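Using the sequences provided together with the hints, build the complete structure.
Sequence order for the protein chains is G and L.
Each residue of the first sequence is one higher than the one before, starting from 1 at the first, in the numbering used here.
Each residue of the second sequence is one higher than the one before, starting from 334 at the first, in the numbering used here.
These are calculated hints, taken from the structure and not from any lab test.
No experiment lies behind these values; they were computed from the predicted model shown.
Please note that a few of the clues may not be correct.
To be verified - Here are the computed distance ranges between Cβ atoms for each label pair:
1) G:R155 x L:M432: 30 to 36 angstroms
2) G:G281 x L:D535: 22 to 28 angstroms
3) L:Q629 x G:K141: 35 to 41 angstroms
Unchecked claim - Here are a few chain L residues that sit away from chain G, every Cβ distance over 12 angstroms (derived from the structure):
4) T339
5) R420
6) I427
7) Q455
8) L461
9) T599
10) P636
Ideal placement from N, C-alpha and C gives every residue a C-beta, glycine not left out.
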Amino acid sequence: MNEMAPNTLLSVEGLKKTFGISVGFFGRPLTLTALTDINFSVAKGETLGIVGESGCGKSTLGRCILQLLQPDEGKVLWLGQDLTTLPEEEMRKRRRDLQVIFQDPLASLNPRMTVGEIIADPLRTLMPELATEERRARVLKMMEAVGLLPEMINRYPHEFSGGQAQRIGIARALITEPELIVCDEPVSALDVSIQAQILNLLTELKDEFGLTLVFISHDLSVVRHISDRIMVLYLGRIVELAGSDILHTDPRHPYTQSLLKAVPIPDPKQARARKLEGLIGEVPSPINPPSGCAFRTRCLHAKDICAAERPPLETGADGRQIACHRWREISAS
Amino acid sequence: MADVLTVDDLNVTFALHDSEVHAVRDLNFTLRQGETLAVVGESGSGKSQAFLAIMGLLARNGSASGKAILGDTNLLALSPEKLDNYRGKDIAMIFQDPMTSLNPSLRVKTQLVEVLVRHQHQDQATALRNAIEMLERVGIPEPTRRANAFPHELSGGMRQRVMIAMALLCEPKILIADEPTTALDVTVQAQMLELFKSLTDDFGTALVLITHDLGVVAGLADRMMVMYGGRIAEKGPVDDLFYDPRHPYTYGLLHSTPHIGTRARTLTPIEGLPPSLERLPSGCSFHPRCRFAMPQCKTDRPPLTGERGKRSCACFYEGKLSYEEVVA
Numbered sequence: 001m002n003e004m005a006p007n008t009l010l011s012v013e014g015l016k017k018t019f020g021i022s023v024g025f026f027g028r029p030l031t032l033t034a035l036t037d038i039n040f041s042v043a044k045g046e047t048l049g050i051v052g053e054s055g056c057g058k059s060t061l062g063r064c065i066l067q068l069l070q071p072d073e074g075k076v077l078w079l080g081q082d083l084t085t086l087p088e089e090e091m092r093k094r095r096r097d098l099q100v101i102f103q104d105p106l107a108s109l110n111p112r113m114t115v116g117e118i119i120a121d122p123l124r125t126l127m128p129e130l131a132t133e134e135r136r137a138r139v140l141k142m143m144e145a146v147g148l149l150p151e152m153i154n155r156y157p158h159e160f161s162g163g164q165a166q167r168i169g170i171a172r173a174l175i176t177e178p179e180l181i182v183c184d185e186p187v188s189a190l191d192v193s194i195q196a197q198i199l200n201l202l203t204e205l206k207d208e209f210g211l212t213l214v215f216i217s218h219d220l221s222v223v224r225h226i227s228d229r230i231m232v233l234y235l236g237r238i239v240e241l242a243g244s245d246i247l248h249t250d251p252r253h254p255y256t257q258s259l260l261k262a263v264p265i266p267d268p269k270q271a272r273a274r275k276l277e278g279l280i281g282e283v284p285s286p287i288n289p290p291s292g293c294a295f296r297t298r299c300l301h302a303k304d305i306c307a308a309e310r311p312p313l314e315t316g317a318d319g320r321q322i323a324c325h326r327w328r329e330i331s332a333s
Numbered sequence: 334m335a336d337v338l339t340v341d342d343l344n345v346t347f348a349l350h351d352s353e354v355h356a357v358r359d360l361n362f363t364l365r366q367g368e369t370l371a372v373v374g375e376s377g378s379g380k381s382q383a384f385l386a387i388m389g390l391l392a393r394n395g396s397a398s399g400k401a402i403l404g405d406t407n408l409l410a411l412s413p414e415k416l417d418n419y420r421g422k423d424i425a426m427i428f429q430d431p432m433t434s435l436n437p438s439l440r441v442k443t444q445l446v447e448v449l450v451r452h453q454h455q456d457q458a459t460a461l462r463n464a465i466e467m468l469e470r471v472g473i474p475e476p477t478r479r480a481n482a483f484p485h486e487l488s489g490g491m492r493q494r495v496m497i498a499m500a501l502l503c504e505p506k507i508l509i510a511d512e513p514t515t516a517l518d519v520t521v522q523a524q525m526l527e528l529f530k531s532l533t534d535d536f537g538t539a540l541v542l543i544t545h546d547l548g549v550v551a552g553l554a555d556r557m558m559v560m561y562g563g564r565i566a567e568k569g570p571v572d573d574l575f576y577d578p579r580h581p582y583t584y585g586l587l588h589s590t591p592h593i594g595t596r597a598r599t600l601t602p603i604e605g606l607p608p609s610l611e612r613l614p615s616g617c618s619f620h621p622r623c624r625f626a627m628p629q630c631k632t633d634r635p636p637l638t639g640e641r642g643k644r645s646c647a648c649f650y651e652g653k654l655s656y657e658e659v660v661a
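Here you go:
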């Protein structure tokens, strides 16, 4: 077991998650490995960004942290206590501290409940001892904190736009005064001007409530904006994990480099000066991933060793973690 | 460059059971050969409906008035049968989700060959040869094998390439792409954007890029048109609008967009919500969200002013606002 820094809130050790899938009626069952060898920790008050493309396992990781999915192997330690072996009843109490915000704000709100009922719901289930008036007072206070007007309390979700619905989702996540919130693509479905409002709101609330955030997104510009550290996933493994600024100014893993080169820049002169570089080929199937380094089939730097051996996750002098056989040579060139 | 499409006073309305919604009002623009025009706006700005109207693809309760002149033909005055002679041949459109735009029960080649047989009267063998050649040109590896595949057997990026190949089969003068990369991963999006760039350069196709992503606009477009509440807020060359925005909405959009190269602690969002088309605010429809709004903005609608072919803007302050001073 890793030694734990004093301010570590959450740490994940040796996490693995697989899904069984069957192909066709008589097909033999196959195993899809969604996550392997996931090790990291999150300090109190920090924002950890998790990026990667479709199918890299980023949402699965969020769900494993929240115990909405049971990992096959490994531990999810909350202040040193392993959540994966916690009895149902104990875990229920923990849920006050671990909350979630989803991508599609309207789909994640019960259409037959009023805004007030939706926001109060976690209190009703997780803190049933609260009196009705106290519950209502907390709901109103939280609505104000996320920028909803008090008169909206009796309205239904369909009366709200996407941005407002996401504010309801945020209020629901914050009502139990959690320590950590997993944000799974919270702004991806929103218009640009609203996206900026919600990102600013999350930043303000984080400071106000001393929150710790795990922020999952495919949008590197958004993740850079909000995160202190960023984890890059490829086919279910961590390829690089570093401070947000270091990762962006000096990415070392060839996959991180490719991702950053593919992000469009909203500045015409800068955009014309550089050619966007896509990656060659397609993401391999997670049912039958390549041997050695999973990225080698698309990597410009791949050598024989990359097919033969899986690169271990190493820690560099600047504190970054990286899984690549050749990262020292590549960065030198 | 020659103009390939001239749109005059395009209005789009939808009939509801007891009222009417104006989705697009008084839209005027020209599209030149080989250029990329970005159409930018948020949900409900009318950016998609304007081009669906030009393609004759409005929902059944929708109707369009005005003119969309292609060559010497007004597309809006044609019957659906006559319009079929232009759609797919001179003007083609691709959509955000390639899976719902391709027929899931037909092989890729069947869907491609149909276009060439219908519009170019080619025989099956020639059409198949040309279809496979087009798949190769849009960067599909092993095009012969992929032509035999069903859409669900291809990845998202590959399906979008098939859509683009289909749209380009007849070498249209105009390609309208509605959020073509929004559903794609960033590395695949980068491949697509390079493909679009080579299209306009190599085929001389005029590209209309409907998007909300200013990063995509900056890398690809020559001119841009910003829409708000169904009208043009500002239009002009991309550099002019990015570096010297004159409409407060254009300015707001630019400052709401996170930039990968810099890390600002806070973004400057536009406050409030985009308006509902059923209840557009009086005067300038942006005034409730505009930090510069003055009494006149609530009562009068600012006209779109500027020189034809250059930049224009619909704001009473046009050119007189210095954002840096006002914001600071």
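Hint check results:
At about 35 angstroms, the CB distance of R155 of chain G to M432 of chain L agrees with the hint of 30 to 36 angstroms. Taking 22 to 28 angstroms as the suggested C-beta distance range, the pair G281 of chain G and D535 of chain L conforms, at roughly 24 angstroms. A hinted range of 35 to 41 angstroms holds for the C-beta pair Q629 of chain L and K141 of chain G, which are about 39 angstroms apart. The beta carbon of T339 of chain L is kept farther than 12 angstroms from every beta carbon of chain G, the shortest such distance being approximately 25 angstroms.
Distance to chain G confirms R420 of chain L as a non-interface residue, since its nearest Cβ pair spans about 30 angstroms, more than 12 angstroms. Residue placement check: I427 of chain L keeps its beta carbon more than 12 angstroms from all beta carbons of chain G (closest about 18 angstroms). Non-interface status of Q455 of chain L relative to chain G is upheld: no Cβ of that chain comes within 12 angstroms, the nearest being about 31 angstroms off. With a least beta-carbon separation of about 25 angstroms from chain G, L461 of chain L lies farther than 12 angstroms from that chain, consistent with its non-interface assignment.
A Cβ of chain G approaches the Cβ of T599 of chain L within 12 angstroms, the least distance being about 5 angstroms, so the stated non-interface status is violated. The Cβ of P636 of chain L sits about 24 angstroms from the closest Cβ of chain G, beyond the 12 angstroms cut-off, so the non-interface label holds.
Taken one by one, the earlier hints fail for this structure only at number 9.
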